[in-house]
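Listed in order, the protein sequences are those of chains A and B. When you line the first sequence up against the working numbering, it's residues 1 to 468, in that order. When you line the second sequence up against the working numbering, it's residues 1 to 468, in that order.
Among the clues, some could well be false.
The list treats identical chains as interchangeable, and a pair is accepted whether it falls inside one copy or across any two copies.
[Stated by the list, open to error] Computed list of lysine-lysine pairs in BS3-like fashion (alpha-carbon distance at most 25 Å, straight line): (1) K211 to K166; (2) K39 to K161; (3) K188 to K288; (4) K28 to K326; (5) K433 to K88; (6) K435 to K71; (7) K238 to K71; (8) K193 to K88; (9) K131 to K238; (10) K326 to K371; (11) K71 to K288; (12) K432 to K371; (13) K375 to K237; (14) K29 to K88; (15) K375 to K131; (16) K39 to K326; (17) K28 to K249; (18) K375 to K28; (19) K58 to K188; (20) K28 to K432; (21) K432 to K288; (22) K238 to K20; (23) K288 to K88; (24) K39 to K435; (25) K288 to K28; (26) K88 to K131.
None of these hints come from the bench; they were simulated from the model.
There are 2 protein chains.
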Amino acid sequence: MKDPTIMVNYEMAVEESMEKIIELLDEKKYFQVRDELLKYNEADIAEMFEELFDLEDKMESTIVVYRLLPKDVSVEVFSYLPSDDQLKIVEGITTSELNYIVQELDFDDKIDILEELPANIVNTILENTPKDERSLINSFLNYPDNCAGSLMTPEYISLQKDMSVKEALEHIREVGMDAETIYTCYVKDLGRKLIGIVSLSTLVTAASNEKIMNIMRTDYIWLNVYDDQESVADQFKKYGFIAMPVVDKEHRLVGIITVDDILDVIEAENTEDIERMAGIIAFEDTDKGYLDISVWQHAINRLPWLLILMVAYIFTGMIVTSFEDKLSSIMSLVAYMPMLMGTGGNTGSQASTLIIRGLATDEVDISDTLKILWKEVRIGLLVGTILSLFNFLRVVYLDGNSVPVAVTICAAMLAIVVFAKVLGSMIPLIVKKAKLDPALIANPAISSISDAVALSIYFAMAMVFLGL
Amino acid sequence: MKDPTIMVNYEMAVEESMEKIIELLDEKKYFQVRDELLKYNEADIAEMFEELFDLEDKMESTIVVYRLLPKDVSVEVFSYLPSDDQLKIVEGITTSELNYIVQELDFDDKIDILEELPANIVNTILENTPKDERSLINSFLNYPDNCAGSLMTPEYISLQKDMSVKEALEHIREVGMDAETIYTCYVKDLGRKLIGIVSLSTLVTAASNEKIMNIMRTDYIWLNVYDDQESVADQFKKYGFIAMPVVDKEHRLVGIITVDDILDVIEAENTEDIERMAGIIAFEDTDKGYLDISVWQHAINRLPWLLILMVAYIFTGMIVTSFEDKLSSIMSLVAYMPMLMGTGGNTGSQASTLIIRGLATDEVDISDTLKILWKEVRIGLLVGTILSLFNFLRVVYLDGNSVPVAVTICAAMLAIVVFAKVLGSMIPLIVKKAKLDPALIANPAISSISDAVALSIYFAMAMVFLGL
C-alpha cells in the first residue's frame, strides 16, 4: 500500500478509485490511471484490472494502461490475475514484453501460465529461454495437474552439509531470492539427495563457525512429487509448515511447495466437494470460474446426476402407481406426499452433509460407524417426534382431517426422519469404505432414495392405520 | 520424523505402531509405548493420542504414557490435540505439570486452552504467571471469538527504526523466537505505533551497517484487531503473506497473525458454509466435531429449518388440495409428482450451490446478476429439454400413457427446470444484496419453494393440455 490512508477505509477507497479510473479511461488519460493504480498494492491492482477486463468496451484501453505500469509492478500484477485475464494481456502485448514478463515471473507462476498459453506462444517463449531453464520448464510441464509436482517451485536455497553457518549466510546473500522461499534451506548430498533441512531462523541464531551438518534437522517431513494435492494440503494443515520439500523416487530434492499456494488448493478442493455434494461434476478443469464456463459445459456438468435420478424416479412412480387405487379412495393423503418426501430429503441431506464434511476434515472415520449410527437414530427420534407433534396439530386442527389420518402422517413422519438420518449418515461411510470420495454420492441421490422409501413407508402406514 | 523409513510408507507404519502400542498398553509396558511414539513427529504423536483417547478403557494408561513423554515433546503434542483431548490431559496431570505446559505453549495456543479450561484451573494457572504476562493474557482473553484479536499472538520481533542491520540481527539472536514468528520484523515508534516492516530475508541480505529505516517497507498491509476472521482469511488469500500485523484503533501494533492459523480458519469457514447450505445452523461454537456435539445440540441445530419448511409445506398441501378433484379424474398424474418436485429441487440446488460458492470465493458478484440470469435461463432450457425428451419416451413407451399426458409432463418439466435454475441462482444474490450470508438461505428452502411452484406449474399444464 503506497498510501496508508487507503487501508483505513479500503472498500470505499477502491470504489472511489475505480470510478475515477473509468472516467479517466474514457478521457484517455492513461498516465493518470496508472498513477491512481499505483497507490495500491499489486494484489489490489490485479483485482482492479479484473474489474476493468469485465467491462468489454474498456478492453483496449485497459491493456494500454497495463503496458504503462512499471515493469516490476506489471510482472507482479500479472501473477495475481486469473488465467483468462492473463490471456487477454498476452494477446495485447508485444512478444518482447511477454518474454520479459515470463522470464521475471516466479517459477511456479511461469509454469502455470505456460500451461494455459497456446502452443505457438509457448514455443516462442521457450526459444528465448536459456537451455538449462528450458529443460527444467519442460520437466515441470510434464507433471500431471493436481499433484505435488504441479504445485512446487525449483527456487529454493540449497546448502552443503560441511558449510559453516557464515558460509551459508553468505551463499544466501549471493543467490538472494524471493522472500517466500528463503526461510527454509535444504541440505543435499552430492547425488542431489535431500539429507536435511535448516531454517533461516536457526542459521541467524547459530554461532557463525558452526557446521551445517550439526544444526540441520534430519527428522524433516517430505512430500513425493506425485502426491495428490489434497494430501499435500492435508500435510500442511497437520504440520503447520511454511514450506515443504518435494522429492522424487530416488529421494532427490526436485522442488519445494510454499504454504501460500496451499490456500488456493484448499479452496479448490472445498469447491469441488461442495459442487459434488450438490450433484455437479466438473468434467473440465476446475480453474475456470462460474462465468467463464460455457452454457454447454454447465449443462454437461449438471446433467449426469439429473439423468441418473430420472431413472430412480421411475421406481418412485411405480410405487405411487401401485398404490393409486387405494390413494384415490382417500385423496387427502396426496396433499401430504410433498411434505413427507421433502422432509425426508432435507433431513437426510443434513446428516449426509455432516458426515461427508466430517470425513473430509478427519473429524469422523469409518471406525466411528456404530457411534454415528446410534447418534443419528437418537437425533432422528427426537427430531421426528417434534415434527410429528407439529403435524398432528396441523392435520387435525388446520386441515380438519380425522385422527387416524393424522396418526398415519405422524407415524410416517417419525419413521421417515429416522430412516433418512440413518441413510444419510451411513451412505457416505459406505462410499468411503469403498475408497471413493464420499462427496461423490451427492445429496440429490440421497434425496431420491429417501423419496422412494418415504412413499413406501407412508403407504404402509396408511394401510396399517386406515385399513386401506 | 525421527525414523525416515516411516515416511515412505506412512499409513502402514502408523497402523503397525498403533497395534503394537495397544498391545504394549495392555501389558503396562509404558516406556516401550513412549519409545514407539517418539519415532514420530509431534503432530503424528498427537494424532495417535487422539486415537488412544477414543478407546475408553485405555484412558488412564494413555495419560500415564503422556506424562512419560520428554517435556518439550509433551508441550508440542498438547498444542496439536483437539480441545476435548486437552481437557482429558488437564484432568489427569498434576498442577505443576499443567503449569509447565501452559507456560511453554506458544501464546496463541495458550489463549486457546485457557478459553476452554474451567475457571478455577485458569485462576491457578494465572496465579503462577508473571504479572506482565498475566495482564497480557487477560487482554487477549477479552477479544471476541472469530475476530483477528482471537487469532493473533504477541510473540513477534520488534525493532527500532534507528537500529542498524547488525544490531537488529543481534537483537533477533537474543530474543530467539519460534520459527514461525521470526520471518517478519515489525518497526514501532516510541508510542508503540507500527511504522514499517522488514523481513528477515531483507535483513540477512542487507549491508550490516544499513539503518532499519532505510530498508523497512512502509507500504505494508495490516489488519484491525476486530476484523472478522473470514475477512482476515481473505486478506491472506489475496496477498499471500506468511504473517500479517494486527493494530488497534490508534494503529499500535498489538500482535501478528501467522498463515498456519489461517488454514484452520479457512476450513472452519468452509464447514460453516457447507452446513448452512444443508440447512444446519450451528448455535454452539463450531470448534466441536460431529462426535462431540450432543444429540440434543444436533437436533437443535437441525430443527429450525425443518420447522420453517413445515410451514412452507402447508402451502404446498393447499395447492395439492385445491387440485384434488381434478387430480382424482386422472390418477396417473400423481405418479409423476415426486419426479417433478424432486428434479426442481435438485436442479435449483445445483444453481444455488454454484452461486453461493462463487460469491464466497469472489468469482461472481452482485454486479453479475444479469449475466448469471441469462446464463441460467439458457442452461435451464438446455437441461430441461434433454430431461423432457427422456421423459416423453418414458411416459409414452414405458408407462403406456397418452401423448397429451406426456406433453403435460414434458412441458411442466421444462418450465420447472428453467424456473428452478432462475430461482436457485437469483435468491443467493438477493440475500447477498441484503448484506446477509448467502449460504444462510439454505438449499432446503430453495427446494421447498421450488416444490410449491413445481406443483403449480404441473397442474397449470394439466389444465392446458388435458383440459381439466
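* To do: State whether the alpha carbon distance between K375 and K131 is at most 25 Å within one copy, between copies, both, or neither.
  => neither (62 Å within a copy, 46 Å between copies)
* Asked: When no copy is named, should K288 and K28 be tagged within, between, both, or neither for a Cα gap of at most 25 Å?
  -> Neither. Shortest intra-copy (32 Å) and inter-copy (56 Å) distances fail the 25 Å Cα cut-off.
* Up to 25 Å CA-CA - K20 versus K238, copy category -> between (46 Å within a copy, 23 Å between copies)
* Asked: When no copy is named, should K58 and K188 be tagged within, between, both, or neither for a Cα gap of at most 25 Å?
  -> neither (51 Å within a copy, 43 Å between copies)
* Homomeric proximity label, K39 with K161: Cα distance no greater than 25 Å -> between (45 Å within a copy, 24 Å between copies)
* Between K188 and K288, at a C-alpha cutoff of 25 Å, which is it: within one copy, between copies, both, or neither? -> Intra 38 Å, inter 43 Å, cutoff 25 Å: neither.
* Tell me, please, which holds for K39 and K326 at an alpha-carbon limit of 25 Å: within, between, both or neither? => neither (75 Å within a copy, 69 Å between copies)
* Asked: How would you classify K131 and K238 at a CA-CA limit of 25 Å: within, between, both, or neither?
  -> The answer is neither: 39 Å in one copy and 34 Å across copies each exceed 25 Å.
* Asked: Under a CA distance limit of 25 Å, which applies to K432 and K371: within one copy, between copies, both, or neither?
  -> This pair counts as within: shortest intra-copy Cα distance 16 Å, inter-copy 38 Å.
* Are the CA atoms of K29 and K88 at most 25 Å apart within a copy, between copies, both, or neither? -> Within one copy, since 21 Å is at most 25 Å while 67 Å is not.
* Asked: Between K238 and K71, at a C-alpha cutoff of 25 Å, which is it: within one copy, between copies, both, or neither?
  -> between (39 Å within a copy, 21 Å between copies)
* Identical-chain pair category, K88 with K131, by Cα at 25 Å -> So K88 and K131 fail the 25 Å test inside a copy (28 Å) and across (60 Å) alike.
Hints 3, 4, 5, 6, 8, 9, 10, 11, 13, 15, 16, 17, 18, 19, 20, 24, 25 and 26, counting from the list given before, are not met by this structure.
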